[in-house]
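From first to last, the protein sequence lines stand for chains V and E.
Going by numbering that gives the first Met the number 0, 11 is the number at position 12 of the first sequence; the sequence numbering is gapless.
Going by numbering that gives the first Met the number 0, 132 is the number at position 133 of the second sequence; the sequence numbering is gapless.
Nothing false has been slipped in among the hints.
A few chain E residues facing chain V, derived, Cβ under 8 Å:
#1 V83
#2 K87
#3 R90
Keep in mind that the hints were calculated from the coordinates and are not lab data.
Just so it is clear, CB atoms sit at the ideal spot from N, CA and C, and this is done for glycine as well.
Protein chains: 2
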Amino acid sequence: MVEHQDEKILAELQKDGRATNQQLADSVGMSTSACWRRVRALEERGIISGYSALVSREQAGFATSAILHVSLERHDTAFVDEFVSRVKERREVLECFATTGDADYHLRVVVRDMDAYNKFLDDFMFRIPGIRHVRTNVILKEIKTGVALPF
Amino acid sequence: MVEHQDEKILAELQKDGRATNQQLADSVGMSTSACWRRVRALEERGIISGYSALVSREQAGFATSAILHVSLERHDTAFVDEFVSRVKERREVLECFATTGDADYHLRVVVRDMDAYNKFLDDFMFRIPGIRHVRTNVILKEIKTGVALPF
DNA sequence: TTCCATTTCGGTAGAATATACCGAAAACTT
DNA sequence: AAGTTTTCGGTATATTCTACCGAAATGGAA
Chain V
0 MVEHQDEKIL
10 AELQKDGRAT
20 NQQLADSVGM
30 STSACWRRVR
40 ALEERGIISG
50 YSALVSREQA
60 GFATSAILHV
70 SLERHDTAFV
80 DEFVSRVKER
90 REVLECFATT
100 GDADYHLRVV
110 VRDMDAYNKF
120 LDDFMFRIPG
130 IRHVRTNVIL
140 KEIKTGVALP
150 F
Chain E
0 MVEHQDEKIL
10 AELQKDGRAT
20 NQQLADSVGM
30 STSACWRRVR
40 ALEERGIISG
50 YSALVSREQA
60 GFATSAILHV
70 SLERHDTAFV
80 DEFVSRVKER
90 REVLECFATT
100 GDADYHLRVV
110 VRDMDAYNKF
120 LDDFMFRIPG
130 IRHVRTNVIL
140 KEIKTGVALP
150 F
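Please take these sequences and the hints and turn them into a complete structure.
Here it is in structure tokens:
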């Protein structure tokens, strides 16, 4: 499905999403036209779903972040769908995963300060119907925040 | 520090990290040269730390991922530094956060399959000195995986 | 206020790059 | 082996980047 040369391209574009086609072609050992075609195909197939600037959370003024463990009261699709759709549209929630273990969901939330986090809980999280339990683990330090898949 | 117009640029570049300078200038209502200068300044100040292609985990062949809760036996800098430096260089570990709560660290690990995950634990995680406890929460579903800060 | 210094602006031109098309080479099928 | 399809590298043009310019805006100090 994804060939070796594609993986090299993907690895490069993960490292530098704004690399020029010429740089790309050089670093994977391909002609510019062949390389450009492969990139476009990867985009069209959705293997590359987009490109993003990586912004420094602290410097951009988002001092506070936390990992939330959330459990639902019940797991009817109605409740689950409601939870999922609400979470998706809250931009403070950068990540949300359904997991095995004690909690049903792991969320990572990023806000400007503790006030904003408190507001997030009161105005949003605690108002979602069917929530059994929310445990907050404040992030003390970001050891690593990567987006690159380990090709 | 980061002005309103900069935030608009950052928001746009988070949505499309390969937007041309002209597109950017249009969408934030600025001349191309002014826009280009601001982008370069944001890069030089490290507010934009880089650019990345966003690659579909599933389509790229990484079927398995998990969230790990890790606790250390002791918290001497020696043990902590060892743990941190080892985690940083393992590319399967996309994210690692030091948190409050029961565990000391939350990690998100992405691998091709369960075999690879088992190997990751045996060959890497369980060999780090000073680990007290590791709990694996397998990710059943990715509800949301975002990188964009909520400007 | 008025003046001067500094920063930020928009416009522009040459250099660099992206993008689509071409015929040739390679790979695959029968 | 012949025919079909895919992928290749090279190239021309349209687009975009990047650095420079003088003008406008901004911010203090007298």
